[in-house]
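Those protein sequences? They're chains A and B, same order as listed. Sequence positions in the first sequence follow my numbering and run 1 to 115. Sequence positions in the second sequence follow my numbering and run 1 to 112.
The set of hints was computed from the structure by calculation and includes no laboratory data. Don't take every hint at face value.
[As the list claims (entries may be wrong)] For lysine-lysine, the following BS3-like pairs were computed, each having C-alpha atoms within a straight-line distance of at most 27 angstroms:
1. B:K42 <-> A:K11
2. B:K42 <-> A:K14
3. B:K42 <-> B:K99
4. B:K99 <-> A:K71
5. A:K57 <-> B:K99
6. A:K57 <-> B:K42
7. A:K57 <-> B:K56
[Unchecked claim] Residues from chain B that keep clear of chain A, each with C-beta distances beyond 12 angstroms, as calculated:
8. Q6
9. V13
10. I18
11. S26
12. W35
13. Q38
14. F61
15. D66
16. K67
17. S69
18. Q80
19. S84
20. T86
21. V110
22. L112
[To be verified] Sample of chain A residues facing chain B (criterion: CB under 8 angstroms; computed from the structure):
23. G42
24. Y48
25. G102
A virtual CB, placed ideally from N, CA and C, is assigned to each residue, including glycine.
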Amino acid sequence: DTGVSQDPRHKITKRGQNVTFRCDPISEHNRLYWYRQTLGQGPEFLTYFQNEAQLEKSRLLSDRFSAERPKGSFSTLEIQRTEQGDSAMYLCASSSPLAGPGELFFGEGSRLTVL
Amino acid sequence: QKEVEQDPGPLSVPEGAIVSLNCTYSNSAFQYFMWYRQYSRKGPELLMYTYSSGNKEDGRFTAQVDKSSKYISLFIRDSQPSDSATYLCAMRTAGTASKLTFGTGTRLQVTL
Numbered sequence: 001d002t003g004v005s006q007d008p009r010h011k012i013t014k015r016g017q018n019v020t021f022r023c024d025p026i027s028e029h030n031r032l033y034w035y036r037q038t039l040g041q042g043p044e045f046l047t048y049f050q051n052e053a054q055l056e057k058s059r060l061l062s063d064r065f066s067a068e069r070p071k072g073s074f075s076t077l078e079i080q081r082t083e084q085g086d087s088a089m090y091l092c093a094s095s096s097p098l099a100g101p102g103e104l105f106f107g108e109g110s111r112l113t114v115l
Numbered sequence: 001q002k003e004v005e006q007d008p009g010p011l012s013v014p015e016g017a018i019v020s021l022n023c024t025y026s027n028s029a030f031q032y033f034m035w036y037r038q039y040s041r042k043g044p045e046l047l048m049y050t051y052s053s054g055n056k057e058d059g060r061f062t063a064q065v066d067k068s069s070k071y072i073s074l075f076i077r078d079s080q081p082s083d084s085a086t087y088l089c090a091m092r093t094a095g096t097a098s099k100l101t102f103g104t105g106t107r108l109q110v111t112l
């Protein structure tokens with residue numbers, strides 16, 4: 001078990017371009033979360049999947065953001081028409097239904113820089 | 001006003017000191033309280049969680065919750081340089097797998 005894996009670790013893009021991040025959760029975990037963290041702030045919830053179903057989305061997730069988990073395994077987070085305000089660390093986390101409340105396992109994050 | 005308030009620090013203490021980290025919250029629906037540790041350029045990792053008022057101890061770490069005051073604390077005894085990190089409080093309401101609401105994090109530096 002290698003933990004939660006995220007790719008790429010760092011992405012630099014120009015404003016207006018589309019970017020996609022991938023998350024591979026711990027294999028037996030059916031719950032998957034995306035969070036966004038800006039410098040000096042705590043992580044902010046974006047969205048949550050249980051298996052392939054997207055059960056909750058934050059108001060932070062504008063129309064330019066879309067997340068999928070097609071087969072209940074890996075997940076992708078796409079940002080269209082990136083803006084400088086999208087620059088942040090995008091964290092993926094997973095958890096098991098047997099886990100304690102709030103027991104999320106985070107990946108190392110994908111850092112986005114929008115120029 | 002944010003739902004969860006946490007002093008961002010930085011907090012600098014000498015090795016061996018007792019560290020006190022705190023958060024306040026405004027949402028009385030929060031039922032579960034967590035402390036995560038985040039090293040630089042890494043994802044957060046869970047240190048402790050609790051769901052009742054009172055103390056919970058795990059090695060050098062003690063988590064304290066006072067629901068009546070909407071105040072939680074993390075104490076670190078005999079602090080070590082390896083404890084240098086950002087400490088994030090997090091909370092959630094009851095219900096299945098609801099989202100976590102994090103504080104801003106307190107950056108701790110333990111010096112030799």
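Now the hints, each set against the structure:
1. B:K42 <-> A:K11: 16 angstroms, holds
2. B:K42 <-> A:K14: This hinted pair holds, its Cα atoms lying about 25 angstroms apart.
3. B:K42 <-> B:K99: Holds, at roughly 20 angstroms.
4. B:K99 <-> A:K71: Satisfied, since the Cα-Cα distance of roughly 22 angstroms is no more than 27 angstroms.
5. A:K57 <-> B:K99: 10 angstroms, holds
6. A:K57 <-> B:K42: Distance ~24 angstroms between K57 (chain A) and K42 (chain B) Cα, so the pair holds.
7. A:K57 <-> B:K56: 32 angstroms, violated
8. Q6: 7 angstroms, violated
9. V13: 20 angstroms, holds
10. I18: 24 angstroms, holds
11. S26: 15 angstroms, holds
12. W35: Incorrect as stated: the minimum Cβ-Cβ distance to chain A is 10 angstroms, not above 12 angstroms.
13. Q38: 8 angstroms, violated
14. F61: Per Cβ check, F61 (chain B) is outside 12 angstroms of chain A; nearest 15 angstroms; holds.
15. D66: 18 angstroms, holds
16. K67: 15 angstroms, holds
17. S69: 20 angstroms, holds
18. Q80: 22 angstroms, holds
19. S84: Nearest chain A Cβ is 17 angstroms from S84 (chain B), so the label holds.
20. T86: 9 angstroms, violated
21. V110: About 20 angstroms separates V110 (chain B) from the closest Cβ of chain A, which puts it past 12 angstroms; holds.
22. L112: 26 angstroms, holds
23. G42: Since chain B brings a Cβ to about 3 angstroms from G42 (chain A), closer than 8 angstroms, the hint holds.
24. Y48: 6 angstroms, holds
25. G102: The hint holds - G102 (chain A) has a Cβ within 8 angstroms of chain B, the shortest such distance being about 4 angstroms.
The structure fails hints 7, 8, 12, 13 and 20 (numbered hints given earlier, in ascending order).
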